[in-house]
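Participant: Position chain B against the provided structure of chain A, taking the given hints into account.
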Amino acid sequence: EAGVAQSPRYKIIEKRQSVAFWCNPISGHATLYWYQQILGQGPKLLIQFQNNGVVDDSQLPKDRFSAERLKGVDSTLKIQPAKLEDSAVYLCASSLGIQVLGYGYTFGSGTRLTVV
Amino acid sequence: DQQVKQNSPSLSVQEGRISILNCDYTNSMFDYFLWYKKYPAEGPTFLISISSIKDKNEDGRFTVFLNKSAKHLSLHIVPSQPGDSAVYFCAARRFSSNTGKLIFGQGTTLQVKP
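First to last, the protein sequences are chains A and B.
Just so you know, my numbering puts the end of the first sequence at 116, numbered straight through with nothing missing.
Just so you know, my numbering puts the end of the second sequence at 230, numbered straight through with nothing missing.
Same shape as in the complex, but just chain A:
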């Protein structure tokens, strides 16, 4: 099966600019996650969707970050305006259901964002 697709792979922007990332999950996967991985740290959940509804966005900086999942399939994550500390890899993942169970979920290759 095709994996989780993300684009772009790399992005460099100046602080205060805006940026958007796109994710296409594995076909049939109802649950979609956006994680932020800062260099030297583990991934941190930003937001989780179940179909097109938000399940958990408790760690999403809502003053600058927004996300949507169109028709329960593709998703976009936006940052506006960007700050230097937003430099990180943004990982999208998907799973069949809301419970991870024992098999984890599938990550995309990520988008590396550098804010200068």
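Just the calculated beta-carbon pair ranges, DEER-fashion:
1) B/142 x A/53: 28 to 34 Å
2) A/64 x B/195: 46 to 52 Å
3) A/22 x B/230: 38 to 44 Å
4) A/81 x B/171: 47 to 53 Å
5) B/192 x A/53: 36 to 42 Å
6) B/173 x A/116: 43 to 49 Å
In case anyone wonders, no lab produced these hints; they're calculated from the structure.
If you're wondering where the values come from, they're calculated on a predicted model, not measured in any experiment.
Every residue gets a Cβ at the ideal spot worked out from N, C-alpha and C, and that includes glycine.
Facilitator: This is chain B only, laid out in the frame that chain A set:
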């Protein structure tokens, strides 16, 4: 509040020997633990998991041990191969959570020398 900790940033072992990666956690409500492997420029890949009701799970060369009383788990790779060189993340899920949220440790970089 770092609920999942991997205190060793890096580990180097010789090919054919055992690699042991460690992970500590603080939240007794975690019910599932997972290990992910990450190569450069790729996303993390699921490796192996263990339920909190078990103390060992084995899959080929990979074995995960869970010590609930010590809130500690470890991943053993035997024998280690150069292709195992990667960053390994420990992750945990909280019981009764209505989400699939995983809490990750900081990662340990494993280098297997030929």
